[in-house]
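Q: Each chain is listed here by its residues.
Protein chains: 4
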Amino acid sequence: MPILITGGRIITATDDYTADIYCEGESITRIEPCIDPATLPAETECIDAGGRLIFPGFIDPHVHIHLPFMGTNACDDYETASMAALAGGTTTLIEMICPGPTDEPMAAFEEWNNKAAPLAAVDYSFHMSVVRFDPLAREQLRQIATERGIPSFKVFLAYKGALDLSDEDLFAMLTMAKELGIIVTAHCENAEMIDAMQQRLLAEGKTGPEWHEPSRPTAVEADGLHHLAAMAELTGAHIYAVHTSCEPAVRAALDARLRGVNIWIEAVLPHLVLDKTYAEQAEFEGAKFVMSPPLRDKRHQAVLWGALAGRTISTIGTDHAPFNFHGQKDMGTDTFTKIPNGIPSIQERPALIYTHGVRTGRIDLHTFVDACSTQAARIFGMYPRKGDIRVGSDADLVIWDPDYKGTLSVKTSHSAIDYNGFEGWPIQGRASSVLVSGEVQARDGEFVGTIGRGRLIRREPTHF
Amino acid sequence: MPILITGGRIITATDDYTADIYCEGESITRIEPCIDPATLPAETECIDAGGRLIFPGFIDPHVHIHLPFMGTNACDDYETASMAALAGGTTTLIEMICPGPTDEPMAAFEEWNNKAAPLAAVDYSFHMSVVRFDPLAREQLRQIATERGIPSFKVFLAYKGALDLSDEDLFAMLTMAKELGIIVTAHCENAEMIDAMQQRLLAEGKTGPEWHEPSRPTAVEADGLHHLAAMAELTGAHIYAVHTSCEPAVRAALDARLRGVNIWIEAVLPHLVLDKTYAEQAEFEGAKFVMSPPLRDKRHQAVLWGALAGRTISTIGTDHAPFNFHGQKDMGTDTFTKIPNGIPSIQERPALIYTHGVRTGRIDLHTFVDACSTQAARIFGMYPRKGDIRVGSDADLVIWDPDYKGTLSVKTSHSAIDYNGFEGWPIQGRASSVLVSGEVQARDGEFVGTIGRGRLIRREPTHF
Amino acid sequence: MPILITGGRIITATDDYTADIYCEGESITRIEPCIDPATLPAETECIDAGGRLIFPGFIDPHVHIHLPFMGTNACDDYETASMAALAGGTTTLIEMICPGPTDEPMAAFEEWNNKAAPLAAVDYSFHMSVVRFDPLAREQLRQIATERGIPSFKVFLAYKGALDLSDEDLFAMLTMAKELGIIVTAHCENAEMIDAMQQRLLAEGKTGPEWHEPSRPTAVEADGLHHLAAMAELTGAHIYAVHTSCEPAVRAALDARLRGVNIWIEAVLPHLVLDKTYAEQAEFEGAKFVMSPPLRDKRHQAVLWGALAGRTISTIGTDHAPFNFHGQKDMGTDTFTKIPNGIPSIQERPALIYTHGVRTGRIDLHTFVDACSTQAARIFGMYPRKGDIRVGSDADLVIWDPDYKGTLSVKTSHSAIDYNGFEGWPIQGRASSVLVSGEVQARDGEFVGTIGRGRLIRREPTHF
Amino acid sequence: MPILITGGRIITATDDYTADIYCEGESITRIEPCIDPATLPAETECIDAGGRLIFPGFIDPHVHIHLPFMGTNACDDYETASMAALAGGTTTLIEMICPGPTDEPMAAFEEWNNKAAPLAAVDYSFHMSVVRFDPLAREQLRQIATERGIPSFKVFLAYKGALDLSDEDLFAMLTMAKELGIIVTAHCENAEMIDAMQQRLLAEGKTGPEWHEPSRPTAVEADGLHHLAAMAELTGAHIYAVHTSCEPAVRAALDARLRGVNIWIEAVLPHLVLDKTYAEQAEFEGAKFVMSPPLRDKRHQAVLWGALAGRTISTIGTDHAPFNFHGQKDMGTDTFTKIPNGIPSIQERPALIYTHGVRTGRIDLHTFVDACSTQAARIFGMYPRKGDIRVGSDADLVIWDPDYKGTLSVKTSHSAIDYNGFEGWPIQGRASSVLVSGEVQARDGEFVGTIGRGRLIRREPTHF
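Protein chains in written order, with the working numbering: chain Y, 1 to 464; chain L, 1 to 464; chain U, 1 to 464; chain W, 1 to 464.
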């Protein structure tokens with residue numbers, strides 16, 4: 001059904017103007033100061049966006065949905081994750097494919113895609129984790145990148161003896177990435193340091209979630225960043241540091257940039273609004289706030305916001321990874337190293353960034369759109385199909401009520417998880433209507449769309 | 001006369017696609033995959049852009065044309081400057097208004113505008129230099145910014161006892177700028193240090209142009225940057241550091257950004273492709289390469305290019321300031337402090353950045369357009385009228401022949417100056433047609449336009 | 001009366017051994033594993049130092065005693081200051097001579113010296129503040145440095161329109177200092193920024209002591225450091241940054257060092273153990289904790305201790321400047337800018353550094369001695385007469401009881417001031433006996449010496 | 001035979017005075033303004049040191065003598081190395097014990113010590129390389145450190161699959177070092193990066209010595225430094241970065257210091273006076289200048305000198321490792337990776353540092369002594385037995401002729417190597433007499449001592 005949106009104030013990474021938008025099929029087909037409904041098909045649905053802002057659909061470049069972990073699995077599937085994402089205004093996800101160390105890459109790709117295809121209501125793509133780099137894996141990774149439309153890899157420096165590559169393989173992989181124009185996203189914490197620190201802390205009887213941060217302090221993350229950047233300098237590969245949490249890591253990335261390294265930086269929602277005191281709460285409550293890199297000292301928040309305002313940090317994701325407090329997080333009651341990692345915010349990200357970033361004046365509306373949508377589209381090869389409002393782009397749109405005031409709660413979140421890390425937090429502003437490829441999928445926080453309608457977005461390599 | 005441009009590959013800061021462009025009046029009115037000439041007025045001029053790139057008209061955010069100096073004047077007027085700019089592909093200039101220390105700001109604005117209006121073939125605006133900040137000046141500056149459409153100031157930390165403000169006035173001026181949404185561009189060198197160094201060097205008999213750089217080493221520029229940034233941190237004003245020439249200055253700006261300071265960085269053409277050995281040439285030849293900040297050690301070039309690639313540096317200007325070698329530069333034969341400053345490149349900038357940046361792979365085409373056009377439009381409040389190719393924008397377009405090979409020379413430059421700092425330098429790529437507000441003004445390096453057709457572009461304050 | 005100290009563990013900046021020390025006249029004349037008292041004059045006083053540490057007398061390179069301020073004067077004279085210093089273990093002071101802007105330097109030197117000579121029980125010297133640099137001042141400063149034995153200057157970047165020099169004079173002064181081998185100590189805060197910030201805050205009704213820090217944030221201090229260091233780079237002068245309070249300032253100094261600047265860094269006691277929350281206490285209590293640079297966020301303490309441990313910071317002083325809470329600090333009840341600056345610790349410094357530095361393991365005993373005594377002697381030209389324990393050195397010795405546990409209080413402090421910023425703080429370790437030039441001047445926190453016995457120590461220029 | 005040295009100007013890390021020195025047995029027994037020869041044994045040898053400087057014997061904390069490599073061995077033994085060291089003024093060496101990856105540590109210690117004991121004329125100690133860390137090795141390393149007096153380890157991050165430790169073992173080793181008070185010296189280059197770069201360059205036909213530096217650029221060394229420092233931060237171990245060659249590495253170390261890491265930095269002679277253009281010389285001449293880290297761009301020299309002047313760099317060593325140009329270096333004619341590493345300077349270090357450091361004013365005499373002698377003694381637990389001139393210290397003394405002018409050459413060097421990297425370089429100043437433990441071992445560049453007289457200096461752990 002065609003849709004006409006009238007009178008909204010259109011905000012993109014670069015523009016701010018008022019116009020009508022007409023969507024037909026899956027795309028935006030007209031943007032004009034005033035579109036006469038008489039020129040449109042009779043069945044056209046009209047949405048009055050007077051007093052509202054219209055953003056391009058938000059993109060979350062860093063989520064986990066299908067996530068096997070120690071015999072359990074993260075508690076969302078693509079149905080609940082889509083509902084949550086759309087309720088908040090996010091219309092495209094990029095999920096991490098996380099195979100085990102001996103899995104074949106192609107099989108993993110098929111497994112992840114098969115989980116997504118029948119249940120997705122958002123559009124989606126993947127970052128392909130590289131956990132082995134033997135000739136077979138190499139060949140399949142090449143196919144996945146170039147034939148299946150997944151030209152972005154993910155590498156862990158963090159998970160010792162399991163998911164991390166040797167430096168030799170890392171060098172070879174980055175060399176291949178450069179050749180194929182693939183961008184390599186990276187989790188920059190040194191695995192063996194953390195492993196040794198965990199063993200030491202546990203041996204000292206330090207077993208609670210408050211010891212998660214001390215087991216991986218900022219020096220560990222900065223070390224990982226320096227290492228990755230040096231590798232990129234030698235190979236020429238383009239890299240993207242996910243969930244950068246602290247000033248030393250940001251500075252490491254900037255140093256690399258001044259040496260000519262092609263590096264992009266991602267922040268994620270939790271590090272922008274939470275700090276490590278949350279993970280220090282008593283009665284195991286802190287376990288809700290265990291993720292990696294960990295929540296940091298509060299002072300790092302200001303650095304991340306400053307870096308966003310100056311476009312030094314390009315994107316904001318979530319690292320959504322939902323594990324229930326009861327039955328999952330509590331696997332780590334006796335030892336923090338067994339607490340599944342994750343502070344979910346797939347639904348909350350846009351409203352929290354709007355509330356804590358835009359309304360406080362830390363970032364402007366354009367930076368908000370750029371960091372939450374446009375840059376993800378550009379860096380990962382989906383622009384201008386995604387990440388912008390223009391004729392020809394996918395009709396992924398968020399009609400935003402800037403005056404809405406509400407409160408976050410597990411009761412109103414669509415994720416299957418049993419807690420909300422932001423329970424009771426006030427927000428101002430929310431998505432009142434959310435369109436994906438020309439169809440309204442969410443209204444006022446409720447999912448009103450079609451499960452299974454989401455599409456795998458094929459992307460082209462651009463990082464040569 | 002309407003113009004149809006067919007088959008060109010359109011390159012903007014964000015886009016890369018092939019389409020036809022139709023311009024009518026002063027604007028772009030249609031961009032479509034294929035525009036049928038039969039639908040257009042009979043008088044439409046057709047330009048075949050097959051095999052060519054189409055860029056938004058380049059903007060030079062930092063030029064001097066009317067520039068009184070020690071009893072002489074820079075040797076271009078708006079006619080020669082326009083011809084040179086257009087021949088190279090630059091369609092909009094922002095000139096520095098440089099009043100004397102006791103001049104009234106409004107009179108200076110009128111003087112500069114009166115020089116431009118009758119002779120400009122490019123569109124133009126101004127940065128208003130603030131050299132006094134008494135109540136009268138304050139009131140006139142407010143009027144110039146808000147009523148005359150000039151919401152950008154320029155301040156010197158560099159010219160002692162003449163054009164620089166006291167720290168007290170600087171603080172007050174930045175406070176007013178923040179209030180009015182004005183961005184403050186700044187020349188960040190400490191005036192008194194330089195003055196003392198000059199006296200010392202001259203007293204030691206060090207009088208040649210090779211002593212210009214030692215009289216203002218990188219520490220002086222970095223000190224200025226730190227000072228300006230601290231001032232901006234206290235006042236909240238948005239600042240723009242012009243002609244940043246070296247790593248310590250870039251780092252000072254980045255440090256400020258991580259503290260939340262709203263700072264943008266400009267590089268200028270000479271620092272990207274020349275180094276201080278040029279100013280050390282014998283027989284006073286070095287005088288051709290005297291500008292401030294001075295040409296630096298070659299290693300700083302790599303830092304500037306790296307910062308451009310990572311969008312840490314936003315813009316590339318020229319600091320065009322043309323003084324003849326014979327009769328002007330030679331005022332400083334006996335003492336380098338009397339050499340008029342300037343290494344003109346108003347015509348050469350696009351081709352040199354294309355040759356040394358794009359073709360070497362240091363920056364991609366989008367960064368080229370962003371730095372040479374789009375960011376200047378956005379930062380200085382002319383976007384999307386300028387700096388982009390879209391329906392509704394001014395029809396300022398550069399049709400670029402990427403395969404052209406040629407050589408730079410004073411013989412083919414349109415500036416009135418008697419030398420070319422890049423004499424004999426090979427270039428690849430040049431503007432084959434240049435449109436300003438819908439009219440072809442230059443073809444294949446020759447001016448074919450209309451003197452006086454250029455317009456003062458009124459801008460709105462955006463830096464709140 | 002000769003003194004024999006037996007069985008103490010001698011700790012210097014470099015050594016740690018057990019020996020007997022014999023002092024005759026004003027010097028140490030013998031240090032031997034075991035000195036037979038039978039070989040000594042009968043009247044020799046014996047001190048059993050078994051179980052005690054012996055340090056060279058501590059030197060405080062940064063104090064104010066005679067300090068006129070807004071019609072009042074700091075409340076110590078050399079009698080009370082000497083008693084306090086000696087009770088804590090400090091045997092030599094370097095006081096700042098602080099003339100008014102029009103005073104002649106030589107007259108100021110005489111004034112300060114006349115205050116000290118009759119009342120000092122410690123040895124003392126001065127740093128000569130340079131607040132004017134006209135030909136007369138220049139000549140007198142040269143005499144003071146070279147003929148009166150005061151080869152260290154002090155310069156303020158901080159006090160606008162009063163005690164600060166223009167950049168022109170600063171450059172000339174540093175040039176003279178380099179020529180004469182004089183080290184220039186500097187208070188690195190930018191005067192005009194602070195003045196503007198104070199006016200703004202007061203205009204906003206922000207009048208309490210908690211606004212002192214926001215009126216001069218870390219950026220202001222770092223800016224001052226960068227400026228001074230750039231000046232030193234140009235002139236070659238040796239500089240010493242007093243009371244460096246925060247990470248950005250330390251980094252600025254380190255950057256300068258890597259560029260070859262001869263810069264030393266001083267920390268002062270308050271910044272090492274206090275933070276800005278002290279100045280935020282209610283009921284004007286915060287006024288007790290107003291000094292400049294202000295107390296900072298607590299995180300800067302760790303940086304200062306780390307820099308001390310690595311000898312990046314050379315010295316620890318006090319910036320002792322005692323103003324009574326009642327009758328002096330309360331001049332600023334209505335406006336924080338009128339609160340006299342100072343957090344006195346002339347007596348408390350050694351015990352607090354020992355307690356918070358040595359016993360916590362942040363610094364070792366050698367670093368303690370180096371920072372609190374030896375480096376001050378070396379940098380300011382009193383070594384090895386002062387700052388070391390060796391035959392021929394002045395018999396300035398501290399016999400330290402490492403096991404003493406006590407509590408600081410205004411009741412046990414000898415300064416004339418009416419409060420103690422460390423009231424109730426526990427300490428471990430104190431000076432049990434303190435010798436100055438061979439005479440016991442303090443025992444167990446009590447002064448037992450001779451008023452007026454202190455000497456002006458003439459120093460030679462060494463900073464060529 | 002007792003020795004009396006009269007009239008010399010004694011220069012230590014802290015002192016500068018003129019006195020007579022009397023040495024009896026192996027120690028300095030008297031230092032007095034004027035020693036009456038009549039009070040001395042008749043057989044006392046008198047040395048007139050009028051007009052000369054007297055330094056404590058220089059210590060080289062980083063040499064290789066017994067160095068098996070690819071079936072050959074470095075070409076010095078302790079006889080030639082001692083002769084060379086002594087001729088230059090170096091009286092104590094610390095050699096690296098370099099076992100193979102499967103060798104038992106104790107056997108390696110015995111092997112190295114057996115090479116040294118019969119032939120050494122200098123005093124010596126070792127750094128014990130840790131190339132395996134299984135339980136057997138762990139136990140033997142503990143014994144070597146605590147029972148054999150070798151409390152300093154060496155670790156390579158650099159030699160892939162051969163001599164480097166896994167991060168897990170590195171963490172465990174540092175933990176043990178902290179517990180035992182052992183300092184860990186480290187070669188900070190990442191092994192796998194270099195290996196990959198070498199393979200790539202060779203595959204591209206880049207086989208000459210000029211490719212050695214590009215195979216291990218500054219980013220690789222800085223990465224190693226960051227990694228080591230992060231490890232030290234986690235474990236608390238004290239670390240010492242050997243042969244730091246460039247600004248990024250120095251900055252990495254300084255960053256660590258401000259975070260509280262106990263890190264010391266060593267420079268070596270070649271990086272202070274040579275640059276990478278030496279390794280780029282034609283006809284394989286560059287092979288003479290291949291060492292690791294490689295010679296760098298010339299600009300890094302100034303940073304190293306600045307860091308020395310500010311005592312940020314503590315020591316200057318040589319990394320002496322002599323391989324003949326003919327028969328050894330030429331193993332790498334076809335491929336630079338097979339060129340044995342080393343730019344020998346065991347004899348030349350003092351004269352070159354004096355010539356290029358002291359005489360140019362880059363460092364003063366005290367810093368010269370501190371960096372070339374005293375700090376090595378202090379950091380490695382030999383102070384004050386070594387590294388100072390005082391009663392009770394070993395009579396290791398250098399009588400220095402500051403006015404000597406000469407030229408370096410392979411002809412006058414005592415090392416067995418067949419070339420001199422500094423052939424024809426002018427020097428000013430040299431050791432005219434060199435005493436080791438009270439005996440003259442060298443005069444005017446000639447060895448006049450006793451082979452086999454050198455002693456293994458047992459050291460105690462101090463780095464708790």
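Honestly, I wouldn't trust all of these hints.
Identical copies look the same in the list; a pair holds intra-copy or inter-copy alike.
[As the list claims (entries may be wrong)] Within a straight-line C-alpha distance of at most 27 Å, the following computed DSS-like cross-link-like pairs (lysine-lysine) qualify: (1) K338 - K405; (2) K178 - K115; (3) K115 - K405; (4) K115 - K276; (5) K115 - K206; (6) K206 - K411; (7) K178 - K405; (8) K178 - K411; (9) K276 - K206; (10) K298 - K115; (11) K338 - K298; (12) K405 - K206; (13) K178 - K206; (14) K206 - K298.
Hints in this document: simulated from the structure, not taken from any laboratory.
Q: A separate judgement is required for each hint: does it hold in the structure or not?
A: We went through each hint and held it up to the structure:
no., hint, result
1, K338 - K405, "neither (37 Å within a copy, 44 Å between copies)"
2, K178 - K115, "neither (30 Å within a copy, 50 Å between copies)"
3, K115 - K405, "neither (35 Å within a copy, 54 Å between copies)"
4, K115 - K276, "neither (34 Å within a copy, 54 Å between copies)"
5, K115 - K206, "neither (38 Å within a copy, 49 Å between copies)"
6, K206 - K411, "neither (34 Å within a copy, 43 Å between copies)"
7, K178 - K405, "neither (47 Å within a copy, 29 Å between copies)"
8, K178 - K411, "neither (46 Å within a copy, 43 Å between copies)"
9, K276 - K206, "within (16 Å within a copy, 31 Å between copies)"
10, K298 - K115, "neither (37 Å within a copy, 49 Å between copies)"
11, K338 - K298, "within (25 Å within a copy, 33 Å between copies)"
12, K405 - K206, "neither (41 Å within a copy, 32 Å between copies)"
13, K178 - K206, "between (43 Å within a copy, 21 Å between copies)"
14, K206 - K298, "both (22 Å within a copy, 25 Å between copies)"
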